[in-house]
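> What follows is each chain in one-letter form.
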Amino acid sequence: MKTFNFILRLAVGGVFVVAGLLKIWDPSSFAKDVANYRLLPDMLVNLMAITLPWIEVLAGGLLMAGVWKKPSALLITGMMAVFLVGISQAVYRHLDIHCGCFGTIEARKVGWKALAEDGVLFLAAAWLAWWHKD
Amino acid sequence: MARTIERALLIAVAGAALGLAGNVVSPRHIPYIAPPKVAPQPSDFIQLDDARQLWLASGAFFLDARAPADYAAGHVAGAYSLPAADFDARYQQVSDMLTLETPLVTYCDGLRCDLSHDITARLRQLGYKNVHILQNGWTVWRKAGLATTTGDQP
Chain V
1 MKTFNFILRL AVGGVFVVAG LLKIWDPSSF AKDVANYRLL PDMLVNLMAI
51 TLPWIEVLAG GLLMAGVWKK PSALLITGMM AVFLVGISQA VYRHLDIHCG
101 CFGTIEARKV GWKALAEDGV LFLAAAWLAW WHKD
Chain B
1 MARTIERALL IAVAGAALGL AGNVVSPRHI PYIAPPKVAP QPSDFIQLDD
51 ARQLWLASGA FFLDARAPAD YAAGHVAGAY SLPAADFDAR YQQVSDMLTL
101 ETPLVTYCDG LRCDLSHDIT ARLRQLGYKN VHILQNGWTV WRKAGLATTT
151 GDQP
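Residue numbers (the working numbering), protein chains in the order written: chain V, 1 to 134; chain B, 1 to 154.
Isolated chain V (complex conformation) (with noise of 0.2 Å):
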């Protein structure tokens, strides 16, 4: 067990280091991607294009190296969450926009696929969180 949690601990940190860094090269791009989910009103659109990213860093990083295991697995956990509420509103809604979730390198659109794959991140980052001892 103690093995998987580590590998497991390591993939879900990596995701997030690779997905903040992805977007902080590129912060107009993530946030035309923010903007389109038509979530947030105009003004808070590049605070968050600006923030998120480097918290993602963060929380992957600190998840990675083993410090505040908890903490950031359930910080990743909280982030993961609002991605899901994301994405579900924009398949109901029938928007036909890039998920953003790794900056520009991918194409892929929201959609089920992008739905399912946050699903298993969330449980992932989830069990995590549980697991760790404070």
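Derived by calculation from the structure, the hints in this document are not laboratory data. Where hints are given, some of them may not hold.
Here are the computed lysine to any residue pairs in the SDA-like style, where the Cα-Cα straight-line distance is at most 20 Å [to be verified]: (1) V:K32 - B:S26; (2) B:K129 - B:F87; (3) V:K32 - B:Y32; (4) B:K37 - V:M43.
These figures come from a predicted structure and were not determined experimentally.
Fit chain B to the given chain V structure using the hints.
Frame of chain V, contents of chain B only:
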């Protein structure tokens, strides 16, 4: 648990602070608050009759701001697809056919649809002087029995 939540929030705040600070030095920095969208003026809209005249005289390019799937399911005959969500990529494909003076008619579907407003604002930024919005365009065009077609080509 309380300590875990506290620390999770601390990570979030620290990450946000890093982002806000990083944006100052980033070579690709963006404004913290994007300039507000300019709402279209009444004079930016075109009436169906005028749009029809332009269409009959082949005097204007019609640009469909909806998603490609909606465009493929049916669009104004001769209209080009310029989805608001994919403006940059698609614009390259249509820009060769346009001059800054070309009359353009943008439309999407629904009284509250503002995808056409979005691409109109983008086109104006790029210097197009003659852009008109046909509000609720797809519906009014179709209801008036005017020419439509399907597929992913104009």
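> A separate judgement is required for each hint: does it hold in the structure or not?
Results for each hint:
no.	hint	result
1	V:K32 - B:S26	18 Å, holds
2	B:K129 - B:F87	18 Å, holds
3	V:K32 - B:Y32	14 Å, holds
4	B:K37 - V:M43	10 Å, holds
Taken one by one, the earlier hints all hold for this structure without exception.
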